[in-house]
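Protein chains in written order, with this note's numbering: chain A, 1 to 167; chain B, 1001 to 1558.
Errors might be hidden in some of the hints.
[What the hints assert, rightly or not] In silico EDC-like cross-links for lysine to aspartate or glutamate, where the CA-CA straight-line distance does not exceed 16 Å:
no., chain 1, residue 1, chain 2, residue 2
1, B, K1312, A, E40
2, A, K91, A, E40
3, B, K1309, A, E59
4, B, K1312, A, D54
5, B, K1002, B, E1166
6, B, K1311, A, E59
7, B, K1309, A, D54
8, B, K1133, B, E1170
9, A, K67, B, E1170
10, B, K1309, A, E147
11, A, K63, B, D1492
12, B, K1312, A, D55
[Unchecked claim] Derived Cβ-Cβ restraints for the label pairs, each shown as a range:
no., chain 1, residue 1, chain 2, residue 2, range
13, A, S18, B, R1346, 47 to 57 Å
14, B, G1106, A, G22, 14 to 24 Å
15, B, D1033, A, I52, 37 to 47 Å
16, B, E1335, A, E42, 31 to 41 Å
17, B, F1478, A, E42, 54 to 64 Å
18, B, D1131, A, Q142, 53 to 63 Å
[Said to hold, decoys possible] Output of the computed footprint for chain B on chain A, the stretches with three or more beta carbons under 8 Å from beta carbons of chain B:
no., region
19, 53-67
20, 70-83
21, 124-138
Hint data in this document are derived by calculation from the structure and do not stem from the laboratory.
Where a beta carbon is used, it is the ideal one built from N, C-alpha and C, also for glycine.
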Amino acid sequence: MKAHTLSILVENRAGVLSRVTGLFSRRGFNIESLAVGTCEEEGMSRVTIVCIGDDAQIEQVMKQLNKLVEVIKVSDITENYHVERELALIKVAADPGSSRAEVMQIADIFRANVIDVSSKTITLEVTGPTQKIDALSNLLAQYGVKELIRTGKIAILRGTKTVISTK
Amino acid sequence: MKTGAKILIEGLLKQGTKTLFGYPGGVVLPIYDELFDSGLPHILVRHEQAAAHAADGYARASGNVGVCLATSGPGACNLVTGIATAYMDSIPLVAITGQVPTSLLGNDAFQESDITGITLPITKHNFLVKDVKDLPKVITEAFFLAKTGRPGPVLIDLPKDVCTAESDVETDIGSEPVLRGYKPTYKGHTRQIERAVSTIISSERPVIYAGGGVIASNASAELISLAEKLMIPVTTTLMALGAIPGDHPLNLGMLGMHGTEYANYAITECDCLIAIGARFDDRVTGKVDAFAPHASVIHIDIDPAEIGKNKKVDIPIVGDVKTVLTQILDRLNSEKKYENWNARIRQWKEKHPLIYDNDGKLHPQFVIQTLNSLLSADDIIVSEVGQNQMWTAQYYCFKKPRTWVTSGGLGTMGYGFPASVGAQVAFPGRRVFDIAGDGSIQMNIQELGTVSQYNIPVKIAILNNRFLGMVRQWQELFYNRRYSYTELPPVDFVKVANAYGIEGIRVDDPSCVKQAIKDSIAHEGPFVLDFRIEREENVFPMVPAGAAINEMIGGRPK
Ligand SMILES: Cc1ncc(C[n+]2csc(CCOP(=O)(O)OP(=O)(O)O)c2C)c(N)n1
């Protein structure tokens, strides 16, 4: 069992996301992360899903996804050379007197941006692979993470290769 | 300018719809008004579930898309079991539901239910039409999806205002729709075909395991050619009975939980398993690890997701069964006849035939055999679910494809009677029998009203054991005979039939079986046969749940 990153090109129609996600839950798969948005082609969306399973399970889920009429292409890019990114917004407890400086120092190391400050909190914005965001939020835990919002992972192949329709 | 309702009816007619099975209600009034003088016949059922099953029975018997129609909310929800039944058995069905007007969608309006949401996991695809301009395209796509590739049910949800709105969009029906995300593979990969051929030829003990895909693909002739060319024995699933004649020397009958011993032994011993349009269902395989443990597995299926889903496959071939079998036949050059293997199978057949007690009592198997002797190859047998279904599968000798109509994957009690209505509507000239249990028939017995109203001459043969027999059998065998809520009080089915203006006869004695069936056949309209069978008769042989399929119990008479 390991995490797989699936890049799914779908027609951008009402209900298509529930078709895709419904299929995962119906077949007993947990979605670890999900990101959806429009893409280079008009009328299409790209869904990036991270899910955990053994090879046979992932193969089955991909085949089932391919059967959805509005799914144009499904690729498991886990083994391909790719770049992955996630965006997180983290609101950390940070009193001006005590930990604020430390939090800002940590943010600096992770190249996170401070996007909001209040009397009791600092809000950071950070981009990077999943592990980087995990590491940052773990470090910040000691100060008190008030709220953590992650976009879910998106991924793109390196070089000239693309995940586009061949159907 | 045409209204949505008119576009719908014209679309259905252009798609070749011969009969609609349906039930009216508030939001489908515009459709019913259009139907009134449209020339498209409509059968008014007594429950929407029956409309879906009738459309399904129509599709199975004829091979054409069955169409059913229901109103929103409760009407649509009543279709659900019928749609799921068709989905599990890959039956081409188009279900049309009314919906509340688009302005009220999502408001919990009167009789609103999210039927596209509800049927998401049990349809091949579904549509909620919000603009009348989309309707012609949707109808074309719905029929195309239902009948091509791996067939299945498609639902079209039509808000009332879409039915009354007018449009001048050309009804571009008839052309093949372009669906970017839907491109079924029909032709088998040449190299895989070659590998399959050489694997078959180099094997010593091949067996064909044929499933419902052979029927769906109308590939019965190709299946028989393949079997006969090399003398390869054939076992069929419940869904494929009739794909090869029941009395064909190479036929092993059904395999699996209530299959023949020789079919299951052949699977266990074979060194090459040719799975054709079958999906290794757990009722077929028993313990999967012990299913064809010595075999190289060739799997032909139009749905890539079925290949390798339950059983590891050595040679996958994605494609239409008929096309792939033709490709294989074109390349198959061998004089092999597998004499030793066939001799071995003949021994099993002689040693382990299907048997039941011959003690002068009224046994259901005898009823089925007698029925078999009185009907002809084109007549259609429909069943309910339970023991009645298994006895029919075991003891009726199906000679042709599409003469056997039963709910396999979902195992829906109450399916048979309405499905027999659909089959009879498809073939008014053939005799159609629904073999029922007293439990199952009471799940849709209200359809006596439908067959009475339209004088649809289906015959209902109830194997009446006053039990939910199949469940009782499991309780007897695995729950220490604790018959928890499986006993049914006696019902006078003849009187029930009479109340609907239908004739019937009760049969208690084996000596009267033949005459009673003859009388029912001679009778012009629908007819009810109430056979009071041995109450605690069991279906044998049987593979207990989770056991290997060669570990069968109860093959001998008591
Ligand atoms: C709708 C539905 N509910 C419950 C079941 C579970 N079930 C399977 S067989 C069976 C008993 C069927 O009884 P009957 O129709 O009398 O047929 P018999 O087995 O006695 O021939 C039941 C309850 C089912 N298959 N379908």
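So, going through the hints one by one against the coordinates:
1. K1312/B to E40/A: violated, 39 Å
2. K91/A to E40/A: Distance ~33 Å between K91/A and E40/A Cα, so the pair is violated.
3. K1309/B to E59/A: Holds. K1309/B to E59/A sits at ~9 Å (cutoff 16 Å).
4. K1312/B to D54/A: The given pair, whose Cα atoms are some 15 Å apart, holds under the 16 Å limit.
5. K1002/B to E1166/B: Holds: K1002/B and E1166/B sit about 5 Å apart, inside 16 Å.
6. K1311/B to E59/A: holds, 14 Å
7. K1309/B to D54/A: holds, 13 Å
8. K1133/B to E1170/B: holds, 9 Å
9. K67/A to E1170/B: Violated, at roughly 30 Å.
10. K1309/B to E147/A: violated, 41 Å
11. K63/A to D1492/B: violated, 51 Å
12. K1312/B to D55/A: holds, 13 Å
13. S18/A to R1346/B: 47 to 57 Å: holds, 55 Å
14. G1106/B to G22/A: 14 to 24 Å: Hint holds: Cβ distance 18 Å, inside 14 to 24 Å.
15. D1033/B to I52/A: 37 to 47 Å: Distance hint for D1033/B, I52/A is violated at roughly 54 Å.
16. E1335/B to E42/A: 31 to 41 Å: For E42/A against E1335/B, whose Cβ atoms are near 60 Å apart, the range 31 to 41 Å is violated.
17. F1478/B to E42/A: 54 to 64 Å: holds, 59 Å
18. D1131/B to Q142/A: 53 to 63 Å: Holds, since D1131/B and Q142/A (Cβ atoms, about 56 Å apart) stay within the stated range.
19. 53-67: Coverage by chain B holds here, the residue count being 7 at a Cβ distance below 8 Å.
20. 70-83: holds (count 3)
21. 124-138: violated (count 0)
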